[in-house]
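Chemist: For reference, the chains in residue letters:
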Amino acid sequence: MSNTDNQSRRSFLATGAGVAAAMLARPAAAGGNPANQPPNVPEWTKSLGEGVAVRPYGKPSKFEKDVVRRDVEWLTASRESSVSFTPLHELEGIITPNGLCFERHHGGIAEVDPADHRLMIHGLVERPLILTLEELKRYPRVNRIHFMECAANSGMEWRGAQLNGCQFTHGMIHCVQYTGVSLRTLLQEAGVKTNAKWLLVEGADAAAMDRSLPIEKALDDCIIAYKMNGEALYPEQGYPMRLVVPGWQGNLWVKWLRRIKVGDQPWHTREETSKYTDLMPNGKARRFTWSMDAKSVITSPSPQAPIRHGKGFTIVSGLAWSGNGKVKRVDVSLDGGRNWWSARLDGPVLDKALTRFYYEFDWNGEPLLLQSRVQDETGYVQPSKAELRKIRGVNSIYHNNGIQTWHVQANGEVENVEVA
Amino acid sequence: MSKSLKLVAATLLACALSAPAPAQQKADAKSGPRYHIGRVPTADEIRGWDIDVRPDGQGLPEGKGTVAQGEKLFMDNCSTCHGEFGEGNGRWPVLAGGKGSLTSDNPVKTVGSYWPYASTVFDYIRHAMPYGNTGSLSVDEYYALVAYVLYLNDVVTDQNFELNKKTLAAIKMPNEQGFVMDDRATSEKSFWQKDPCMKDCIAPVKIIGRAAAIDVTPEDGKEKKSRGVE
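One line per chain: the protein sequences are S and Y, in this order. The first sequence maps to residues 1 to 420 in the working numbering. The second sequence maps to residues 421 to 650 in the working numbering.
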C-alpha cells in the first residue's frame, strides 16, 4: 500500500463509524496512534530500518528519553561539586546501566588520558610500586557485583518528607559488575610492612580527594576496578581506575585513583572529619561510619511512577541492600507499617549487592501507605524513621536508612509522606 | 638438563602455577605471590605526589606563612566563594563561626566549631584549593592561608602568628574531643531482631507531612527555588 493510500484510508476510517467502535473496544490507557495499531500495520513494519553499525555505540530508544540522571540544583553551589541521581523508578533487576549511575564529584569529571595515568603505591611497603593501566590489567582479575551508595543518600529526608520521587530520595545508589584487581594482590606485590595499619587512597581529579582506609578492609574485599558492566569505567565513575570498597560509603570509593600510601595511623582528611561524620543530638559526632546499614525502597509505584492502570492486579517492585552482607528477606506494608506481607526476592541475591523484590496484589483502588522493610543476613531490620530519629536525631545528614512511605492515592498518583 | 635440575624446574613451575590462588592472608611483607609487574617509582616521582599530612605533623613540608600574609591571599583567591570573613557566599561553605551550635536545630560546622585537627585544613586546601585552580599556590602561601583561616576561627589570635610545620602540629582544635568511634553495633543493637513483627505492629497511622507541601522537587523544564537546607 502506498503512503497516499494509507493516508486516505486513515482519514476515511477516522470519520467512519468503524473506527469509533474499535476505539471503544481498546483499553482507555493504551493511547498512542491508532494508525500504527491493529488492524493497521505500522510504518516500521513496512519499511527498512537503519542497518548495522549505523549506531556504532547503541543507546536506548528515543522513546526512553526521560530515563536520565537528574540533579537538585538548589542543593549545592556548583555542578562541579554536586550530585546527580539514578532514575531508580525506571529501572528493573539489580544492575544499573553505566550511563545512569549517579554521580558525585568534588572537582568535576576528570578526563584522564589512560596513557598518562599512573597508580603509585608507597609508604610502609617493602617495594614501592608504580603502575600503568596496562600493567594493572596484567594482574589476576576478579569480577564482583556490588552496590555503591553515597552516605548522604536520603540525607534530605531527615527532618521530614521533602522530595517527591525515589530518584531524589534514594537515587544516590547504583549497582554494577566491576572487573579489576584485588587490592590485596597489589599490596602483596608491594610487600606491606608489619606495622602498616591504614591506607591513604587519593584521586587524580581537581579535588585530589583523599581518604583513610583501614588495612583489614583493604586486605579483605577491596578491588581496584577498571571495568564496569564489562566495559571501561565511564569518566564520571573514575576512568581509568577506581577503588571499590564493598558495603562501605561511596565517598571511600576513590575515583581516578592515583595513589595509595600505606601508614600506621589514619590521616583524618577533610572527607572523614568535616564531612562524612554523623552529628548526634548530644553534639558529638560519630567518625569512621563506613558501612552502609540495610535499607530498602519501593521503586514502583513511587511519585515518578504512579499507578496508571487503575485497580486490579498490581506489581510493587523495589530494591533492598545491606553493607553487612546479603539480603535475607523483605516485607511490604500497605498500611504504613501496621501489617506486613513477605515480598518475593527475584534474581540473584548477592553479598553487598542490590536485591530486587516484588510484592504482587489485587489493588482495590483505595489509598495505600506503601512501605518496604529489609532484614539482612545478620538479623538487622531496617528501622522506621521514628526509631532512627530517636537515636540519631535529625542533624546527622548521613546514613538515613529509615523506612520510606509512599502514599498511593485513589487516582493512582503517589506522593512522599511522613506517617505517625 | 640433569634430572635434578629438571626437578627444580618442575617445582618452580608448580609454584608459579599454584601461586595466583592466594588464601586468606595477613598484612605481611612475606606473604602472597609476586608478579613482578610494574616498577619502583623514583624518589622524585614520590616526592611530587606525596602531599598528604597527618595530625601529628607527618608530611608537613618545610615552609612558613603568617596570618597577615594569608589575609591578602584569602581576599584574592577565596573570598569570592567563602566571603571575606569566612561567612560563605550563597551555598558555598561557611569556614568560620558556628561555635556552640552543634546541639542546636541548625548546627553550623566550620573549621573552628567542628574540625578536629588543624592538619586537615592544610591537607585539604593543598589538595583541592583554590577551587578551579588546584595546587596553584606555593607551600608558603598555603601555610599563610591556613594561618588566616585559623585566625578567622580564633584558633590563633595574633596577626603576626607564623604557621610552619612545627607550629601547625602543635595546634589543638576546639572540637578535637567532639568525635566518637562508630558505635552503631552497640548503640543501635535494638535494630537486630530475630523475627520482625508482621501483624498489628503499631497503632493505625496518619499522614503528618507531605513532600508536596514543601514543593522543592525538581520537575523537568521547571525552575525550583532554594529552600536553603543541607
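If you are wondering where the hints come from, they were derived from the structure by calculation, not from laboratory data. One thing to keep in mind: the hints can contain errors.
[As the list claims (entries may be wrong)] For lysine to aspartate or glutamate, the following EDC-like pairs were computed, each having C-alpha atoms within a straight-line distance of at most 20 Å:
| hint | chain 1 | residue 1 | chain 2 | residue 2 |
| --- | --- | --- | --- | --- |
| 1 | S | K390 | Y | D525 |
| 2 | Y | K619 | S | E111 |
| 3 | S | K59 | S | E236 |
| 4 | S | K275 | Y | E596 |
Chemist: Each of the hints needs a verdict: does it hold here or not?
Modeler: How the hints compare with the structure:
1. S/K390 <-> Y/D525: holds, 15 Å
2. Y/K619 <-> S/E111: violated, 54 Å
3. S/K59 <-> S/E236: Cα-Cα ~18 Å, so holds.
4. S/K275 <-> Y/E596: holds, 15 Å
Violated hint: 2 only; the structure is consistent with all others.
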